[in-house]
Amino acid sequence: MATVEELIINGKKKVHSTHAKMLLADLLNLNPLELLLHLDLEVTPEVEQHYYEQIQKLINQEPLQYVIGNVNFYGNTFIVNNKVLIPRFETEELVENTLHFIEYYFPQKDLKIIDLGTGSGCIGITLKKKLPTSQVTLVDISQDALTVALENAKQLEAGVTCLESDFWEKVPGKYHVIISNPPYLKQDEEIENIVAQNEPHLALYAGKDGLSCYKKILSEIKDHLEEEYLVAFEIGFDQGNVLKTMFQELFTGALITLKKDLQGRDRMIFALKIKA
Numbered sequence: 000m001a002t003v004e005e006l007i008i009n010g011k012k013k014v015h016s017t018h019a020k021m022l023l024a025d026l027l028n029l030n031p032l033e034l035l036l037h038l039d040l041e042v043t044p045e046v047e048q049h050y051y052e053q054i055q056k057l058i059n060q061e062p063l064q065y066v067i068g069n070v071n072f073y074g075n076t077f078i079v080n081n082k083v084l085i086p087r088f089e090t091e092e093l094v095e096n097t098l099h100f101i102e103y104y105f106p107q108k109d110l111k112i113i114d115l116g117t118g119s120g121c122i123g124i125t126l127k128k129k130l131p132t133s134q135v136t137l138v139d140i141s142q143d144a145l146t147v148a149l150e151n152a153k154q155l156e157a158g159v160t161c162l163e164s165d166f167w168e169k170v171p172g173k174y175h176v177i178i179s180n181p182p183y184l185k186q187d188e189e190i191e192n193i194v195a196q197n198e199p200h201l202a203l204y205a206g207k208d209g210l211s212c213y214k215k216i217l218s219e220i221k222d223h224l225e226e227e228y229l230v231a232f233e234i235g236f237d238q239g240n241v242l243k244t245m246f247q248e249l250f251t252g253a254l255i256t257l258k259k260d261l262q263g264r265d266r267m268i269f270a271l272k273i274k275a
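Taking numbering that gives the first Met the number 0, I'd label the letters of the sequence shown as residues 0 to 275.
Hints may contain errors.
[Unchecked claim] For each label pair, taking beta carbons as the anchor points, the in silico distance ranges come out as:
hint: 1; residue 1: Leu98; residue 2: His49; range: 33 to 39 angstroms
hint: 2; residue 1: Ile58; residue 2: Leu38; range: 21 to 27 angstroms
hint: 3; residue 1: Asn71; residue 2: Asp165; range: 28 to 34 angstroms
hint: 4; residue 1: His15; residue 2: Gly252; range: 49 to 55 angstroms
If you're looking for bench data, these hints aren't it; they were derived computationally from the structure.
Positions of the beta carbon are idealized from the N, C-alpha and C atoms, including for glycine.
Turn these sequences into a full structure, and let the hints guide you.
What follows is the structure in structure tokens.
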């Protein structure tokens, strides 16, 4: 039987060293750094076969997260597959900033929160974990995506409601927090091949200008706003000015905040309205 060290050496000949270690660590239920403590460990033929099968998937340009089947998001492990978008660090920043708004402006308040276009459920489930007394609804047009979100909610013991709907189409009620990372790429926008060939286009592209999903959400959003509210969107790096204008025209009397990500690019926009 092959040892951990032998598999790592062979894997590094075919794919990036970090990826080779991550694959094997995941199969052995270890942290990648722990592999160094188990270099002489002999693995079963089944694990060896599975390892090389996964190596081949990486060679075939499948994303590492889909091959492993999960991703860490805001300290929790979320199941992902090719039915949902792979959560990015920028979306963690959206969650982080949203939590800051909530903690400052809505302290000790039971909130009704809705995550539109939830995908894997990473945004809404994370908010539920951080705000356990809140009522969280996850919405997606894709039943396949909702299946993933439901499994993540179950695995992470998050009591959320899931609803199959084209944004507001089947959504009742009003909410204190409306959050979304909708598709925002222009239909002809160039992206990495590994993304274009693997991740669901339904979760990536939003018409000629990349704004169609925002327009759809905003067209009915006033019917779903509580008197005090926070609207939080992730946005494309070049959409800040146009969305800020749209927000200012729609959310009269609200504080509009455009925020950059850690790379210095426009990435989030917020509308906040609280009683004076």
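Hint check:
1. Leu98 x His49: 33 to 39 angstroms: Cβ of Leu98 to Cβ of His49: about 38 angstroms, so the range 33 to 39 angstroms holds.
2. Ile58 x Leu38: 21 to 27 angstroms: holds (24 angstroms)
3. Asn71 x Asp165: 28 to 34 angstroms: holds (30 angstroms)
4. His15 x Gly252: 49 to 55 angstroms: holds (51 angstroms)
The structure is consistent with each of the numbered hints, conforming to all of them.
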